[in-house]
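Sequence lines, in order, name chains A and B.
Just so you know, we're using the working numbering here: the first sequence kicks off at 24 and counts up by one.
Just so you know, we're using the working numbering here: the second sequence kicks off at 24 and counts up by one.
Bear in mind the hints are in silico, worked out from the structure with no lab data behind them.
Any given hint could turn out to be false.
[To be verified] Label-pair ranges, simulated between beta-carbon atoms:
| no. | chain 1 | residue 1 | chain 2 | residue 2 | range |
| --- | --- | --- | --- | --- | --- |
| 1 | B | P129 | A | R356 | 52 to 62 Å |
| 2 | A | L99 | B | P104 | 44 to 54 Å |
| 3 | B | D214 | A | T25 | 36 to 46 Å |
| 4 | A | V125 | B | G192 | 26 to 36 Å |
| 5 | A | L99 | B | I314 | 30 to 40 Å |
| 6 | B | Q316 | A | A105 | 24 to 34 Å |
| 7 | A | S340 | B | T25 | 33 to 43 Å |
| 8 | B | R356 | A | R28 | 22 to 32 Å |
| 9 | A | D143 | B | R356 | 44 to 54 Å |
| 10 | B | T275 | A | A115 | 20 to 30 Å |
| 11 | A | S309 | B | S282 | 38 to 48 Å |
| 12 | B | T25 | A | M358 | 21 to 31 Å |
| 13 | B | G192 | A | T275 | 34 to 44 Å |
| 14 | A | R356 | B | L211 | 24 to 34 Å |
The beta-carbon is built from N, C-alpha and C at its ideal position, and this holds for glycine as well.
There are 2 protein chains.
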Amino acid sequence: MTVRRILDLLGIDLPVIQAPMAGVQGSALAIAVSEAGGLGSLPCAMLGPKALRDELSRIQEETGNPYNVNFFCHTLPEPNPAAELRWRKVLAPYYAEYGIDVSAIPSGPGRRPFDAEMADLLAEFRPPVVSFHFGLPAPDLIAKVREWGAVVMSSATTVAEARWLEAHGADIVIAQGLEAGGHRGMFLSEDLSTQVGTFALVPQIVEAVKVPVVAAGGIADAAGVAAAFALGASAVQVGTAYMLCPEATTSTLHRQALSSDAAEHTALTNVFTGRPARGIVNRLMSELGPICQAAPAFPLAAAAVAPLRAAAEQAGSGEFTPLWSGQNARACRPMPAAELTFLLARGVPDRS
Amino acid sequence: MTVRRILDLLGIDLPVIQAPMAGVQGSALAIAVSEAGGLGSLPCAMLGPKALRDELSRIQEETGNPYNVNFFCHTLPEPNPAAELRWRKVLAPYYAEYGIDVSAIPSGPGRRPFDAEMADLLAEFRPPVVSFHFGLPAPDLIAKVREWGAVVMSSATTVAEARWLEAHGADIVIAQGLEAGGHRGMFLSEDLSTQVGTFALVPQIVEAVKVPVVAAGGIADAAGVAAAFALGASAVQVGTAYMLCPEATTSTLHRQALSSDAAEHTALTNVFTGRPARGIVNRLMSELGPICQAAPAFPLAAAAVAPLRAAAEQAGSGEFTPLWSGQNARACRPMPAAELTFLLARGVPDRS
Numbered sequence: 024m025t026v027r028r029i030l031d032l033l034g035i036d037l038p039v040i041q042a043p044m045a046g047v048q049g050s051a052l053a054i055a056v057s058e059a060g061g062l063g064s065l066p067c068a069m070l071g072p073k074a075l076r077d078e079l080s081r082i083q084e085e086t087g088n089p090y091n092v093n094f095f096c097h098t099l100p101e102p103n104p105a106a107e108l109r110w111r112k113v114l115a116p117y118y119a120e121y122g123i124d125v126s127a128i129p130s131g132p133g134r135r136p137f138d139a140e141m142a143d144l145l146a147e148f149r150p151p152v153v154s155f156h157f158g159l160p161a162p163d164l165i166a167k168v169r170e171w172g173a174v175v176m177s178s179a180t181t182v183a184e185a186r187w188l189e190a191h192g193a194d195i196v197i198a199q200g201l202e203a204g205g206h207r208g209m210f211l212s213e214d215l216s217t218q219v220g221t222f223a224l225v226p227q228i229v230e231a232v233k234v235p236v237v238a239a240g241g242i243a244d245a246a247g248v249a250a251a252f253a254l255g256a257s258a259v260q261v262g263t264a265y266m267l268c269p270e271a272t273t274s275t276l277h278r279q280a281l282s283s284d285a286a287e288h289t290a291l292t293n294v295f296t297g298r299p300a301r302g303i304v305n306r307l308m309s310e311l312g313p314i315c316q317a318a319p320a321f322p323l324a325a326a327a328v329a330p331l332r333a334a335a336e337q338a339g340s341g342e343f344t345p346l347w348s349g350q351n352a353r354a355c356r357p358m359p360a361a362e363l364t365f366l367l368a369r370g371v372p373d374r375s
Numbered sequence: 024m025t026v027r028r029i030l031d032l033l034g035i036d037l038p039v040i041q042a043p044m045a046g047v048q049g050s051a052l053a054i055a056v057s058e059a060g061g062l063g064s065l066p067c068a069m070l071g072p073k074a075l076r077d078e079l080s081r082i083q084e085e086t087g088n089p090y091n092v093n094f095f096c097h098t099l100p101e102p103n104p105a106a107e108l109r110w111r112k113v114l115a116p117y118y119a120e121y122g123i124d125v126s127a128i129p130s131g132p133g134r135r136p137f138d139a140e141m142a143d144l145l146a147e148f149r150p151p152v153v154s155f156h157f158g159l160p161a162p163d164l165i166a167k168v169r170e171w172g173a174v175v176m177s178s179a180t181t182v183a184e185a186r187w188l189e190a191h192g193a194d195i196v197i198a199q200g201l202e203a204g205g206h207r208g209m210f211l212s213e214d215l216s217t218q219v220g221t222f223a224l225v226p227q228i229v230e231a232v233k234v235p236v237v238a239a240g241g242i243a244d245a246a247g248v249a250a251a252f253a254l255g256a257s258a259v260q261v262g263t264a265y266m267l268c269p270e271a272t273t274s275t276l277h278r279q280a281l282s283s284d285a286a287e288h289t290a291l292t293n294v295f296t297g298r299p300a301r302g303i304v305n306r307l308m309s310e311l312g313p314i315c316q317a318a319p320a321f322p323l324a325a326a327a328v329a330p331l332r333a334a335a336e337q338a339g340s341g342e343f344t345p346l347w348s349g350q351n352a353r354a355c356r357p358m359p360a361a362e363l364t365f366l367l368a369r370g371v372p373d374r375s
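So here's chain A without its partners, still in its complex pose:
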């Protein structure tokens, strides 16, 4: 019943959403999933206007099926030179190790929040689904995407956030359990102890809101999908497993980490961007955190880490790379995105 409702709402055949994952995928993965009957997602948080336009054009050329575009909607913090200086001091030993000239590192905002300019660009393409992370943008921006009839989704990490999203106009709530890889969508609290495991979060959010609920976090195979539906989800969102697909742009280094024993230990860290996100524990995370008080506010922490990451990767090391991963990478197997989508859909109960 609820599955039928979400399939109709999104206009898709299979209740499987590919999680938007900035940095490890572009339009190719989204197209493959949408073509297979699931909902492909394009992460837009790190795309400039030209890149965004190119990616959207590509999607519309390659598939007539619905797809999702995802944006961050954080508030940009004021630049804080003192905090930036403190952060660079913390990173100084690593700069020295890799011979990086600190004065040459630009400080920059990095990820840009959703704004009117992006909304106007989107209006040309009228994407059928628009999802947000870190809450929802201002009402006038939501009104803009509604003009072309887009379905609006956002992530909740607590029952309170799910209620907030429903009250502020989300058509679908994604229950993002603690197991999920990448950035925590949390936006009503910065207290990590409020975060709830998928198994406990999904049924509580299903109980708390009337809109359809998508389960996310730790789902990597058909058995996981079946479990999510047993808990009351109307669909699933899967990230980590899609990172191993050939259509993803995941680096070799990152793929190797996901397929290794290292993936058994992930943690929530703020050292890469300033906001907690789950990745495979590496040197930067374990030596500075995983949570480091000196990391500047999101997304300002990223700029100072970028040259370190580049230098380390050049040397074949992922110790300064955000190796985003959920807590269940061991269940993920490399395969084409369509095949993975069909495999996941086998976990959807009959007659629902």
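Chain B: place on chain A using the hints.
Relative to the frame of chain A, chain B by itself:
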């Protein structure tokens, strides 16, 4: 298949284990669950020899069905007067607030680990199942409980711990997901970032070991049981929901907290015993932690908190009480233990 195997191994009818919960239940709850066809558990960590003997006698009088006795198997830390003094200094403002005479507070070990004396006492009763928390006791102690054919269970919070337990003689591994209430069973690492949500932990442990796996953490109703079985569990262990049964000795204060909105926010804290355990966030937890570096090693932190807890409870406050709870208390409803056991068993798949 795997369900049949665990039912035969434990000699029970329903693959539902009532989690042992020291401080909120005794033999009455265990008897009710075992009589209903599940596996009732007696928490023994806080029982002296006489109380343990009384409880075991009562169980054997009241039910002929299998039951489980649970022990902690930590290593007792050396008394550390400096650490104790530091801890009492941290607590001093609260002592002052409640007019507690610090010099009158005894320091004591509190929870005692499983030892030869307890094993000898058990031998008189030959309990069919013996479970441990914090790993397993020394091989000679395991050999003792095996003499009367007891089945041995213990909790794993990571894949590595599950492998360790299997290699060291556990017949059944309980996969304790991050959602679970009470003490984390973790014993190979003290790093909380190693802890995994139920949804991701259960399938990984099922994949890693050959012994049957019991899912624990966030399971509170038939839907949760169905989800746990979908993830590959052979049985479930449920704690928080049983705390609301009339057969439990849960205090009114604790019951009220579990049934209130406060139960939406639990956290892992070490302020009550020195080891991380999940409880509803209250004043002691939020003001000192939830993780406090000054808390002495387990179980030594408990003694200094005891008089505060008593004074606060006397005044009708649970702000200094360990209000143990999993992350899914909202799904729990008060009902007799037999009814809850039957309700949970409705989630067990047919033909398994």
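Comparing the hints with the structure gives:
For the pair P129 (chain B) and R356 (chain A), the beta carbons lie near 57 Å from each other, so the given range of 52 to 62 Å is met. A hinted range of 44 to 54 Å holds for the C-beta pair L99 (chain A) and P104 (chain B), which are about 52 Å apart. As the Cβ distance of D214 (chain B) to T25 (chain A) is approximately 39 Å, the hint placing it in 36 to 46 Å holds. A C-beta distance of roughly 55 Å is found between V125 (chain A) and G192 (chain B), which places it outside the suggested range of 26 to 36 Å.
Under the hint 30 to 40 Å, the C-beta atoms of L99 (chain A) and I314 (chain B), about 32 Å apart, fit the expected range. The hinted window of 24 to 34 Å between Q316 (chain B) and A105 (chain A) holds, with their beta carbons roughly 27 Å apart. Against the hinted window of 33 to 43 Å, the Cβ-Cβ separation of S340 (chain A) and T25 (chain B) comes to about 42 Å, which satisfies the hint. Our hint of 22 to 32 Å for R356 (chain B) and R28 (chain A) holds, since their Cβ atoms are close to 27 Å apart.
The hinted window of 44 to 54 Å between D143 (chain A) and R356 (chain B) holds, with their beta carbons roughly 51 Å apart. Between T275 (chain B) and A115 (chain A) the Cβ separation comes to about 56 Å, which falls outside the hinted range of 20 to 30 Å. Separation of S309 (chain A) from S282 (chain B) is about 40 Å and conforms to the stated range, judged on CB atoms against 38 to 48 Å. As the Cβ distance of T25 (chain B) to M358 (chain A) is approximately 27 Å, the hint placing it in 21 to 31 Å holds.
Here the CB-CB span from G192 (chain B) to T275 (chain A) is close to 41 Å, well matched to the stated 34 to 44 Å. At about 27 Å, the beta-carbon gap between R356 (chain A) and L211 (chain B) stays in the expected band of 24 to 34 Å.
Comparing the model with each numbered hint stated earlier shows that hints 4, 10 do not hold.
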